[in-house]
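Engineer: As a plain string of letters, each chain reads:
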Amino acid sequence: MDIYLPIAEVSVNWPFLVLLGATVGFVSGLFGIGGGFLMAPILIFMGIPPAVAVASQASHVVASSTSGVINYAGKKAIDFKIGGVMAVGGVLGALLGVEIFRYLRLLGQADLAVALSYLLFLGAIGLMMLYESLGAILRRVRGEVVPHKERRRPLWLYGLPLKMRFPRSGLYISAIPPLGLGLLVGILSAIMGVGGGFILVPAMLYVLRMRASVVVGTSLFQIIVTTAITTVLQAGRNQTVDVVLSTILLLGGVVGAQYGARWSGKFRAEELRAVLGLIVLLVGIQMGLELFVRPSDLFAFAPGVN
Amino acid sequence: MMQLPPPPPAVEAPAPSPSIATTDQVRVAAALTNAEVRVDSSFRGASIVLYGAVFNPTDTPADVVVVVRGPDGPVRLVKKTRNTGVWLNSRPVLFEGAPGFYMTATSRPLSDIADFGQLRREGIGLDHLRINAPEESRTVTRYGVRDVVVSRLGEDYLDWRRAVIRLREDAALYNTDPTGVTFVDRGLFRAQIELPAVAPTGKYEAEVWLFQDGQPVSATQMDLTVEKVGIERDIYEFSQNRPWTYGILCVLLAAFTGWAASRVFRRN
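Quick note, the sequences are listed as chains E and Z, same order. For reference, each letter of the first sequence is one residue, going 428 to 733 in the working numbering. For reference, each letter of the second sequence is one residue, going -7 to 260 in the working numbering.
Derived from the structure by calculation, the hints contain no laboratory data. This one's a predicted model, so the numbers in the text were calculated from it and none came from an experiment.
Some chain E residues near chain Z, calculated using beta-carbon distances under 10 angstroms:
(1) His487
(2) Thr658
(3) Val659
(4) Asp669
(5) Arg689
(6) Pro722
Each computed EDC-like pair below joins lysine to aspartate or glutamate, with the alpha-carbon atoms no more than 16 angstroms apart:
(7) Z:Lys220 x Z:Asp32
(8) Z:Lys72 x E:Asp724
(9) Z:Lys72 x E:Glu717
(10) Z:Lys195 x Z:Glu28
(11) Z:Lys72 x Z:Asp151
Covered by chain Z, according to a simulated footprint, are these stretches of chain E (three or more residues, beta-carbon under 8 angstroms):
(12) 432 to 446
(13) 678 to 686
Don't be surprised by glycine CBs; every beta carbon is placed ideally from N, CA and C.
With the sequences and hints as input, model every part of the structure.
Structural biologist: Written as structure tokens, this is what we have:
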């Protein structure tokens, strides 16, 4: 049941990969995220070279997000206008991120950058999500009245130029914050091999205060554009995209994503967020642990020669 | 006892022909069961048998040493160091060329077969493997003398070298087998070459040395090719030769699969 991957140059168990793709796809459909933050660490753990893992699973994210986007587009739950603005930022960020990643690999610091960004971003966002959603669950259990919701956005959002109307999101704000958000996510998508949904969704909800019903679909739309560009760039610049690996992953992934999207209606939003927050936090800690635990071997091969 | 200088390695393995020389010369001949390893989608490593014959008209026993080396390639290594509680990577050190695969098989430990100097001269054994040292060096002023050239690694050099070998050993790419050569009959021996799935593709060289009293008396050399075939090769070459087209096709394939899945599921 093993298959040899032509670019990664390792032999892997393919039914396990299909299962992995399906599981991550399910999570992705359920929470409306790309799921890359889960996939990349597992692939690396399986012995696939990190550069190949990061680049190949970006194309898996494209596939599972595509089927997600089609689902949400049917429900008219995507704001293509703000998604397009973020995608422009995302493309710029991906261009920048692939070059940063090349440079970090040359310095031998790529794994440090990956570990640090996982720890910082996933740790912080996981904690925030967990705190917020557990609070909401506790209040509901105690039967307390939900405190008056501050619907105010940060004031600096109004001071910026280039104001645009985004009717579907119920927004009239400057184009700079969504553009900057896209840029950040684009860079992360190249370095961490993630779509960036775990940053996009909270930022769109709590910073931009978009209409909640369009958040997930719009973030998936932006993720498709960014990861598609990232995949092409990684293939073109670094030759690290393994099409066999990504095809196996996405066969499971698209099916999982469909089921995930159907199941998402069965749970309360805050419960979903609590679970996602926990997963995000655990992955962040797991990846960050290597910074603090004494490595079993002080020496390691640095990828990225030739 | 006859003492012959080590002859230059032959390009092709001479077939064990019944030459006249075998009656009075110590000679070794060997062949591989499989000189071409084909890496296809079911590749999970390969096991190749090297067999050969020792023609030894003398009374002195001869030792067989089998050395297989894979294509050379640069190796970059980092060392983790602890800075204020956090493990960070040092600057990477580049070794210009280390074989991508290296194994020795013998019938008894190498150190019993020949002495240190001899092995070092021939570059046989993991301890004597030629790994080109990092070119990087710097000039410093030391004891008032200007422009003293120091290798950046200095005394740590051996640690770094050992680390290359140890990490490759962990990946089953480097191997020392002191019981790898077995004699099936007087003068007839076999050795097994185990290529892991991560073995690099390219040209490999298998050498068979014959040692008598710690001196190399005969050697023969064979080529072994490990190459990708079929769809594996096509995909690999496509990704290398037309990387941008390849990337775009990957994305289209992914998007199409996603679209197809959502169509299928909507119908159900």
